[in-house]
Amino acid sequence: MSLSGAKTRNFIVTAILVSAVVLCWSAEAAPKNLGYKQMARNASPDITMQIGRKDSDTVTCYVYNKSSENICVVYDVYPVWNFSQPARGTVSHYIEGKTGRSIAWTFTSQQASMQCKLVSARYMPLNDLCRDQRDYFPDRKRHLQEGLD
1 MSLSGAKTRN FIVTAILVSA VVLCWSAEAA PKNLGYKQMA RNASPDITMQ IGRKDSDTVT
61 CYVYNKSSEN ICVVYDVYPV WNFSQPARGT VSHYIEGKTG RSIAWTFTSQ QASMQCKLVS
121 ARYMPLNDLC RDQRDYFPDR KRHLQEGLD
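FYI, my numbering numbers position 72 of the sequence shown as 72, with every residue one higher than the one before it.
I should point out that these hints are in silico values taken from the structure, not numbers from a laboratory.
Not one of these hints is a red herring.
Okay, the calculated beta carbon distance ranges per label pair:
hint, residue 1, residue 2, range
1, D57, Q85, 16 to 24 Å
2, N127, D55, 32 to 40 Å
3, I12, N127, 44 to 52 Å
4, S92, K54, 16 to 24 Å
5, P125, N10, 49 to 57 Å
6, P86, L126, 33 to 41 Å
7, R131, G97, 18 to 26 Å
8, S113, H93, 19 to 27 Å
9, D132, I51, 16 to 24 Å
10, R131, S109, 29 to 37 Å
11, N42, Q115, 20 to 28 Å
12, D57, N127, 36 to 44 Å
13, E69, I16, 47 to 55 Å
14, T108, L129, 32 to 40 Å
Ideal Cβ placement from N, Cα and C applies to all residues, glycine included.
Please work from the sequences and hints to get the whole structure.
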């Protein structure tokens, strides 16, 4: 092998080693990708609720979203009908911006006992699920558990 061929081979091997070292250093220095996670924003001020008659036989708990953004609401509700027996339960609903919807109902004979208490309301990040979001607001969860509300 000639001297110039050996120099060329050594140059290529050196370039590959330097590239590998630089690649390892840059990978080591890169921050860990924790994934994109949007913070939940409290939307309670943009929610209003009203209990009223839907028709002559039923009373509903109706929730309005005053914001132009979509909101997920979670309510503690009584009664939630479970096999024709009234029970206390938690319901979550997706409410589009500037709209409202009924989240619970009961018979007019039980209107006095109907209760709908807001647990949480949060603006909906794109492609997120609307479910009980107490974990998004840990202080709110603690307040509920300790009866501070």
